[in-house]
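Residue numbers (the numbering used here), protein chains in the order written: chain A, 15 to 371; chain B, 692 to 824; chain C, 20 to 407.
Possibly wrong hints are sitting among the right ones.
Stated by the list, open to error - If you want the footprint, here are the derived chain A segments under chain B, 3+ residues with CB under 8 Å: (1) 43-50; (2) 60-74; (3) 77-85; (4) 262-274.
It is worth saying that the hints were derived from the structure and are not from the lab.
Every residue, glycine too, gets a C-beta built ideally from N, C-alpha and C.
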Amino acid sequence: MSDLRNDPLIGISGYGVYMPVYRIKIEDIAKAWGDDPDTIKNGLLVYEITVKGRDEDQITVAVEAARNALKRAPEVDPKGIGAVYIGSESKPYAVKPSSTVVAAALGLELGVRGADYEFACKGGSEGIISIIAQVKAGMIKYGLAIGADCSQSWPGDVLEYTASSGGAAFIIGVKNNDSVAYFEGTYSVMSDTADFWRRDGVEFPRHTGRFTGKPAYFDHIIKAAEGLMNELNLKPSDFNYIVPHQPNGKFPIRVAKMLGFKIEQVEPGLVTPWTGNFYSGSALTGLCKALDNAEPGERILVVTFGSGAGADAFSIVVQDAIKRKRDLAPKVEDLINKRKVYVDYGVYARLWNKIKV
Amino acid sequence: MSSPRSPRIWQLKDIRYRLLGVECNKCNKRFLGKRLVCPSCGSRDLKIVELSRTGKIYSYTVVHTPPRGRENYGPYIIAIIELDDGARATGEVVDVDPSEVEIGMKVEMVFRRIGEEDRAGIIYYGYKFRPIL
Amino acid sequence: MRNVAIIGVGITKFGELWDKQLRDLFIDASLEAIKDAKVDLKDIQAIYIGNMSAGEWVEQEHIGPLMADYLGVRGIPSYRVESACASSGIAFKLAYEAVATGLYDLVLVGGVEKMTDVSTEESTHHLASAADREYEAFFGVTFPSLYALMARRHMYEYGTTREQLALVAVKNHRNGSLNPKAHFRNVINIDTVLNSPIVADPLRLFDCSPISDGASAIVIASEDIARKYSDTPIYIIGSGFATDTIALHDRSDITFLWATAEAAKKAYKMADIEPNDIDVAEVHDCFTIAEIMAYEALGFAERGEGGKLIEEGVTELDGKIPVNPSGGLKAKGHPVGATGTAQIVELTLQLRGEAGKRQVQGAEIGLAHNMGGSGSSAVVHILSRVRR
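Turn these sequences into a full structure, and let the hints guide you.
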């Protein structure tokens with residue numbers, strides 16, 4: 015839909031991820047509801063998920079991810095950032111932008127535009143597309159796009175095994191020697207497919223079980239990915255990595271195979287088995303994990319998916335600057351492994367206000 | 692409905708979101724927050740600066756008897772942090788078990804929720820500290 | 020400046036006083052002081068009332084005229100003074116200065132607080148307004164936590180021990196058991212303190228003064244008038260007041276009560292005495308660490324040696340400098356606005372030789388130390404049985 019291989023090329027100057035230190039093991043959730051943990055772990059390919067702290071929400075996650083992205087873009091004067099978009103489906107305010115808080119926290123309030131995007135798990139990539147377009151049009155020098163969620167789930171719902179907290183942020187501008195990667199193209203699809211939603215004023219989302227699979231997740235991701243590859247005249251073997259949205263550990267592997275990718279291409283960007291699903295931050299965190307380990311010249315296919323439903327596919331080519339920039343902020347694997355505090359289901363339920371007091 | 696605190700929160704948001712302070716152009720000392728007069732040398736020649744986001748714990752405590760608004764929050768760590776630039780700030784230390792905390796521990800600023808007016812009211816954000824990852 | 024003396028004192032029982040309102044407490048204490056002074060209500064030329072936060076605790080401000088009205092003396096000036104927990108210590112200083120400079124000849128000064136009608140969380144919130152609301156309390160700081168920060172650092176720098184802190188509470192409860200007006204009259208031991216629930220680590224429940232209701236009142240007069248009414252006037256011979264940063268983190272050394280030391284310096288100089296000359300002291304032990312730090316700031320102990328002073332028994336009722344014979348804030352109770360003048364009431368009884376079972380034998384010179392917040396305001400008074 016959008017071939018971006020024409021001047022000016024659009025690059026990623028910095029990227030950053032944040033996830034809380036708290037974790038809950040699948041065993042502990044299963045114990046609370048009488049489920050068999052091995053069945054869940056094998057069925058969803060997820061072992062433990064992050065849990066927001068008692069003082070964390072989508073805004074604090076977004077700020078921390080953005081700060082890490084800024085650390086990887088030391089050449090960018092924050093005052094040059096002209097737009098801030100946050101994709102999320104767990105805004106702490108139903109009405110009042112999160113993006114204003116994030117902009118203020120980063121010291122970029124004046125002369126900046128921003129908004130909160132909601133498209134289930136794909137709001138973050140919508141932000142990336144907006145920034146790409148504005149940079150390409152010369153409207154802004156740099157933009158900040160964030161996908162962040164403290165993902166919600168009903169107590170006892172199977173979603174509890176995957177819904178977790180975290181997010182990723184990107185500083186995007188015209189490609190230069192400081193860009194860690196650049197965009198070759200993007201391709202989006204959408205249809206009115208109600209596979210997952212949360213009504214206004216309702217605390218947690220509802221989903222449609224197996225209907226979230228074939229007609230929603232798989233069809234949209236495949237159409238977006240194939241559309242992009244057609245547009246750019248690329249095939250699966252031209253990519254070193256594929257990073258699809260990761261509602262669990264199984265779906266991204268399956269959709270990659272359906273598209274003709276090998277398991278080795280999907281594994282480097284896989285995060286959900288050890289973190290759970292960051293909703294709007296899911297595929298974008300996977301992209302950051304791929305960038306953490308990628309070599310210059312390598313090509314990444316990222317496909318986000320948002321229920322409701324739609325998908326955005328991006329082809330991204332890694333640049334030399336990745337080598338000197340990836341150590342400027344915590345890597346995804348550091349965030350996953352370095353500091354973990356396990357909580358049981360009682361504490362988890364308290365942190366999520368699932369206990370009525 | 693409780694009376695809105697939004698104006699008071701708004702007045703200090705930059706200081707709390709970004710850990711701002713003042714630096715005296717005369718004696719070069721730094722202090723947390725907004726001041727018009729240097730508390731050290733009396734100079735009125737001050738500039739607003741971003742304070743160091745890293746520092747070490749000067750003293751700490753674990754609060755078990757909370758004030759109003761934190762009834763269900765659980766025990767929390769309060770510390771005075773000596774920032775790398777010499778200014779000091781008081782705040783919560785998070786993401787760490789109290790038994791691991793000690794004077795001299797290195798910490799960094801983290802952006803967190805501080806509280807809220809009430810369930811329907813505004814949310815307060817600002818600095819806290821956590822051990823450096 | 021002319022000589023000023025105390026001629027009457029009154030104090031309510033301190034504690035959870037469910038059947039008393041704010042105004043009842045102040046009027047009870049005032050009438051007792053007026054009776055003790057053997058003066059008429061119409062002799063009172065002005066009232067000074069220390070009160071920290073009636074507006075928060077019982078939603079009543081404007082208590083100057085309120086108390087004058089209920090005391091039946093409306094028409095005269097009635098001042099309300101606020102300096103957190105030092106409110107009535109500073110009210111006393113203002114009243115003293117007004118009489119000493121000849122503005123009035125005879126005034127009533129006291130303090131009152133009604134704290135127990137609200138939840139502990141609510142009181143904890145109100146008390147935190149004595150700290151820096153925007154840079155401390157906003158972030159979850161409570162009063163015990165500020166003194167816990169001081170305690171932790173004092174222990175770290177000087178090796179002050181948990182047991183030494185506990186000894187302060189043990190002593191003050193022992194003294195309080197002898198005071199019929201005290202909030203707590205139970206004798207405790209070190210284990211009582213060490214096994215009590217944590218409030219703000221390392222401080223435990225028995226390291227903390229309680230949330231109390233109460234009032235205290237005093238009649239002071241110029242020397243010539245005082246001698247007319249009283250055979251045992253107690254002279255105010257020293258008075259000092261100093262301030263420090265509102266936020267604890269803005270002090271270079273949180274292990275030393277600098278404002279207290281400055282206030283004491285002024286009071287000692289005015290009285291022309293030294294710490295050694297003090298026979299009895301009432302100090303602001305809002306927390307056990309505060310009493311230990313007060314020893315150092317008042318010159319009873321060297322810096323860092325406060326813990327040893329309590330260990331050596333120097334401040335016991337029969338020690339060289341008995342401290343807090345009333346039971347202190349810890350056992351007598353701490354209705355914050357009433358505390359400063361309550362200390363003066365106790366010293367007056369001690370110097371008159373009317374302190375009953377807790378009498379410090381032969382006490383001639385007494386010192387009162389009252390603090391607001393984390394030591395941000397400190398006021399020291401020196402009283403003497405003998406005219407100087």
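key: Whether chain B covers the region 77-85 of chain A (at least 3 residues having a Cβ closer than 8 Å to its Cβ atoms)   = Check passed, 3 qualifying residues.
query = Counting residues of the region 43-50 of chain A whose CB is closer than 8 Å to a CB in chain B, do you get three or more?
reply = Violated - the region 43-50 of chain A has 0 residues with a Cβ nearer than 8 Å to chain B, which falls short of three.
task = Confirm or reject the coverage of the region 60-74 of chain A by chain B under the rule of 3 or more residues with a beta carbon closer than 8 Å to the chain's beta carbons.
result = Result for this restraint: holds, n = 7.
Coverage assertion for the region 262-274 of chain A with respect to chain B, Cβ distance below 8 Å, three residues required = violated (count 0)
Going down the numbered hints, you'll see the structure goes against 1 and 4, while the others check out.
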